[in-house]
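Quick mapping for you: the protein sequence lines, in order, are chains A and B. Numbered by my numbering, the letters in the first sequence go through residues 3 to 326 in order. Numbered by my numbering, the letters in the second sequence go through residues -9 to 315 in order.
Treat the hints with caution; some may be incorrect.
Stated by the list, open to error - One side only, chain A facing chain B, incomplete, derived with CB under 8 Å: (1) Asp37; (2) Phe82; (3) Ile126; (4) Gln162; (5) Ile163; (6) Ile170; (7) Thr174; (8) Gly185; (9) Gln186; (10) Ser188; (11) Leu189; (12) Trp293; (13) Ala302; (14) Val307; (15) Val309; (16) Gly311.
Unchecked claim - DEER-style ranges, computed between Cβ atoms: (17) B:Val38 to A:Ala54: 53 to 63 Å; (18) B:Phe18 to A:Ala54: 47 to 57 Å; (19) B:Val38 to A:Gly84: 52 to 62 Å; (20) A:Leu43 to B:Phe18: 53 to 63 Å; (21) B:Gly21 to A:Gly175: 21 to 31 Å; (22) A:Leu73 to B:Phe18: 58 to 68 Å; (23) B:Val38 to A:Gly311: 36 to 46 Å; (24) A:Pro242 to B:Tyr208: 32 to 42 Å; (25) A:Gly132 to B:Val38: 53 to 63 Å; (26) B:Leu61 to A:Leu73: 20 to 30 Å; (27) B:Ala50 to A:Val176: 11 to 21 Å; (28) A:Gln106 to B:Phe18: 53 to 63 Å; (29) B:Val111 to A:Asn314: 15 to 25 Å; (30) A:Ile57 to B:Pro85: 41 to 51 Å.
Claimed, not checked - Reference excerpt, derived from the structure (chain A facing chain B, CB under 7 Å, subset only): (31) Leu52; (32) Leu53; (33) Phe68; (34) Thr69; (35) Asn72; (36) Val97; (37) Phe99; (38) Arg128; (39) Ile139; (40) Ser282.
Hints listed in this document are in silico derivations from the structure and should not be mistaken for laboratory results. We treat Cβ as the ideally placed atom computed from N, Cα and C, and that holds for glycine.
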Amino acid sequence: MDTMTTILQPDHATIPGVSKPVKSRAARRVHGLSDRAIAWLFVAPTIALLLAINIFPLIWMIRLSFTNLNLSMSYLPLRFVGLDNFRDILTDEDVWFRLQTTAQFVISSVALQVVIGFGLALLINRQFRGHSFWTTIILLPMMLSPAVVGNFWTLLLQPQIGPFNYLISLLTGVPPSSFSMTGQVSLAPWTIVLVDTWMWAPYVMLICLAGLRSIPDYIYEAAEVDRASAWRQFWSITLPMTVPFLMLAVLFRAIENFKMFDMVNLLTSGGPGSTTELVSISLKRAAFEKWRTGYSSALAIILFVTVFGAANIYVKTLNKVKQR
Amino acid sequence: MTAAATKSVLTKSTAHSIVEASPRTKAFAGGLVILYAVITILPLLWIVATAFKSQSDAIAYPPKVIFEPTLEGYVNLFTVRTRQTPDFIAKLPPPETWYDKLVRKRDMVIAGPSKVVPRFVNSLIIGFGSTFLAVFLGTLAAYAFSRFRIPLADDLLFFILSTRMMPPVAVAIPIYLMYRQLNLTDTRLGMILLYTAVNVSLAVWLLKGFIDEIPREYEEAALVDGYTRLQALRKVVLPQAVTGIAATAIFCLIFSWNEYAFAVLLTSGEAQTMPPFIPFIIGEGGQDWPAVAAATTLFVVPIVMFTVLLRKHLLRGITFGAVRK
């Protein structure tokens, strides 16, 4: 390196210590763009794309949310209606009912996924033989297309011909055609939870596993020295040290399930009646079937604000985990 | 505690420590996990098997576990057929191919290819197109975020991530209106741009993590050697980030491949990808389940392969690079 320095900057090479930064900065300026210019040049295309595809449409949508625009009746003059759309939404019992359905779906599916995912992670962490292979198998569902998953579960859950009902009847003796997982008001909300859990429990498992592996061995060794019971070790070491990871998984799953559209749209398409009509499906009906663009823009903004708040918390948790 | 007691506890701890579980615990844990894995994989196996069933076997009661395999499902997936009278079929010249033969057994003739190939091609073009763009833009931005001081970097990164968190149905409303104005509705270009925008956030976050892990010293040495920043990026940083870039690309590809909400709301024919197409593979009297299962199998196989390939980086990918090991 010394010889190189001499070639590049013969004047400064003689001054030890000072030579390095001066020479490298000078070299950079001579040979090309400044770092500042490069930084902006590199970041700008991404920001520009996001502004064009995300932010500009969002601003447009905010504008539309104050209008009466209805694409199926575009002959009507466009009128600004102020906050009417928002008032209509927030006072509409149906909307509140959809939000309630969504909340129930989010809470029960995430809770179930946490229990199963955390349990699986604890078991896999025992490092039995072949655990890596079986873990990969368990991870498969979450990599699949939710729409395709929703679609093929409708076959599995067919009352007559589906293997699910048949298996249940083998285990319990209930005739297989006496119940319909997707067509019955009492079962459909649980069906979407079941399929969602099949798909996403592995997600929670994978993150919890990372949490468990981040706990240094010496802590357990110290606990052993103190003769802490396995139960005590779980409550005082394992659980508290995995909680940040668990939080991350819960937040991410909650955000994703709050937005849930694809899997449920194909599995039950909101039915029977509107028992599984999550807020995203409701939004799709308002925007792309009834074409109430003004109204649905307002509803979309309400959802945006909710998700944005949750995303904020998500990033904070994420940074906390990162510091570990 | 006496020294002897401490010693005995210590030896005990090495034998029964949580970290190194006893063989019995291990076997128990292993058994439960394998049971779960088998239950979890059964639905997928059922679909793969259904693809090899005949129409009547697929909807038989009780559901058939053992059946005579046939390629009808795959033939039906790739063709459009018309029903004919047995007399008409008897008068036809003998079937030329095995699939002609298979179809005629059901009193049908092949009328032409189905739309599955164009849909598959759309999935490939849109998937690879958006992945390439997202990874290209993402690499540049991630390098800048990793190496340079950018004012408000944290806010920009949050902004980039938050765009991915938005509900797709909500995003689709203004995009639909905008694309109508720009004539981008139901075009591959429109879908590529949209998926690039969604994927670039993941790409930036993941790649920033990967680039952060490459020691700066390498580049600094290169800069000292007279490389420009761009040369150092190309010849020093990129070769070291290859694995990370590949993993990121696969994540982007999987997203575009699997995406349904935008595809179903913004495409109708020309640019339609596989996910909105598969549920509408219809036979006589409803969904043609063996054909649907065949399409699902073909659609899912690449994902399974990628999952195995990605196994090491999976955790990173699904947490936007937050959790690494």
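These are the hints, each one checked on the structure:
1. Restraint check, Asp37 of chain A versus chain B: the minimum CB separation of about 6 Å is within 8 Å; hint holds.
2. Here the hint on Phe82 of chain A is broken, as its CB sits about 17 Å from the closest CB of chain B, past 8 Å.
3. At about 6 Å, the closest approach between the beta carbon of Ile126 of chain A and any beta carbon in chain B falls short of 8 Å, and the interface hint on this residue holds.
4. Because the beta carbon of Gln162 of chain A sits about 5 Å from the nearest beta carbon in chain B, less than 8 Å, this interface hint is met.
5. The beta carbon of Ile163 of chain A is positioned within 8 Å of a beta carbon in chain B (closest approach about 5 Å), and the interface hint is therefore held.
6. Below 8 Å, beta-carbon pairs count as interface contacts, and Ile170 of chain A has none with chain B, the closest being about 12 Å; its hint is therefore violated.
7. Using the Cβ-Cβ criterion of 8 Å, the hint placing Thr174 of chain A at the interface with chain B is not satisfied: the shortest such distance is roughly 15 Å.
8. For Gly185 of chain A, the interface hint is violated, the least distance from its beta-carbon to any beta-carbon of chain B being 15 Å, above 8 Å.
9. Here the hint on Gln186 of chain A is broken, as its CB sits about 19 Å from the closest CB of chain B, past 8 Å.
10. For Ser188 of chain A, the suggested interface contact is broken, since its CB lies about 23 Å from the closest CB of chain B, more than 8 Å.
11. Because the smallest distance between the Cβ of Leu189 of chain A and any Cβ of chain B comes to about 18 Å, over 8 Å, the interface hint for this residue is violated.
12. At its closest, the beta carbon of Trp293 of chain A sits 10 Å from a beta carbon of chain B; the interface hint therefore is violated under the 8 Å criterion.
13. This hint holds: Ala302 of chain A has a C-beta 4 Å from the nearest C-beta of chain B, less than the 8 Å allowed.
14. Because the closest C-beta pair between Val307 of chain A and chain B is about 11 Å apart, greater than 8 Å, the hint is violated.
15. Interface hint at Val309 of chain A: satisfied, since its Cβ lies 5 Å from the closest Cβ of chain B, which is below the 8 Å cut-off.
16. With a least beta-carbon distance of about 10 Å to chain B, the hint placing Gly311 of chain A at the interface is violated under the 8 Å criterion.
17. Distance hint check for Val38 of chain B and Ala54 of chain A: the Cβ-Cβ separation is about 42 Å, which falls outside the suggested range of 53 to 63 Å.
18. The given range of 47 to 57 Å is respected by Phe18 of chain B and Ala54 of chain A, whose C-beta atoms sit roughly 56 Å from each other.
19. Distance hint check for Val38 of chain B and Gly84 of chain A: the Cβ-Cβ separation is about 56 Å, which falls inside the suggested range of 52 to 62 Å.
20. For the pair Leu43 of chain A and Phe18 of chain B, the beta carbons lie near 58 Å from each other, so the given range of 53 to 63 Å is met.
21. Evaluation of the 21 to 31 Å hint for Gly21 of chain B and Gly175 of chain A yields a pass: the beta carbon distance comes to about 27 Å.
22. Separated by about 60 Å at the C-beta atoms, Leu73 of chain A and Phe18 of chain B satisfy the suggested range of 58 to 68 Å.
23. Between Val38 of chain B and Gly311 of chain A the C-beta distance comes to about 42 Å, which sits within the given range of 36 to 46 Å.
24. At about 39 Å, the beta-carbon gap between Pro242 of chain A and Tyr208 of chain B stays in the expected band of 32 to 42 Å.
25. Between Gly132 of chain A and Val38 of chain B the CB atoms are about 22 Å apart, so this pair departs from the stated range of 53 to 63 Å.
26. The hint said 20 to 30 Å for the Cβ distance between Leu61 of chain B and Leu73 of chain A, and at roughly 45 Å that hint is violated.
27. Range check, Ala50 of chain B to Val176 of chain A: about 20 Å between beta-carbon atoms, so the 11 to 21 Å window is met.
28. The hint said 53 to 63 Å for the Cβ distance between Gln106 of chain A and Phe18 of chain B, and at roughly 35 Å that hint is violated.
29. Checking the proposed 15 to 25 Å range against Val111 of chain B and Asn314 of chain A shows it is violated: the Cβ atoms sit about 40 Å from each other.
30. A C-beta distance of roughly 58 Å is found between Ile57 of chain A and Pro85 of chain B, which places it outside the suggested range of 41 to 51 Å.
31. At a threshold of 7 Å, the smallest CB-CB gap from Leu52 of chain A to chain B is about 5 Å, leaving the interface hint in force.
32. With 7 Å as the threshold, the beta carbon of Leu53 of chain A stays out of range of chain B, its nearest partner Cβ sitting at about 10 Å, so the hint is violated.
33. For the restraint placing Phe68 of chain A at the interface with chain B, the shortest Cβ-Cβ distance is roughly 14 Å, beyond the 7 Å limit, so the hint is violated.
34. Because the smallest distance between the Cβ of Thr69 of chain A and any Cβ of chain B comes to about 12 Å, over 7 Å, the interface hint for this residue is violated.
35. Hint status for Asn72 of chain A relative to chain B: violated, with the closest Cβ pair at about 13 Å, above 7 Å.
36. Hint on Val97 of chain A is violated. Least Cβ distance to chain B is approximately 14 Å, over the 7 Å limit.
37. Look at Phe99 of chain A: its Cβ only gets to about 18 Å from chain B, farther than 7 Å, so that hint breaks.
38. For Arg128 of chain A, the interface hint holds, since its Cβ comes within 7 Å of a Cβ in chain B; the closest pair sits about 4 Å apart.
39. With a least beta-carbon distance of about 4 Å to chain B, the hint placing Ile139 of chain A at the interface is held under the 7 Å criterion.
40. Residue-level restraint check for Ser282 of chain A holds (minimum Cβ-Cβ distance to chain B is 5 Å; threshold 7 Å).
Hints 2, 6, 7, 8, 9, 10, 11, 12, 14, 16, 17, 25, 26, 28, 29, 30, 32, 33, 34, 35, 36, 37 from the earlier list are contradicted by this structure; the remaining hints agree with it.
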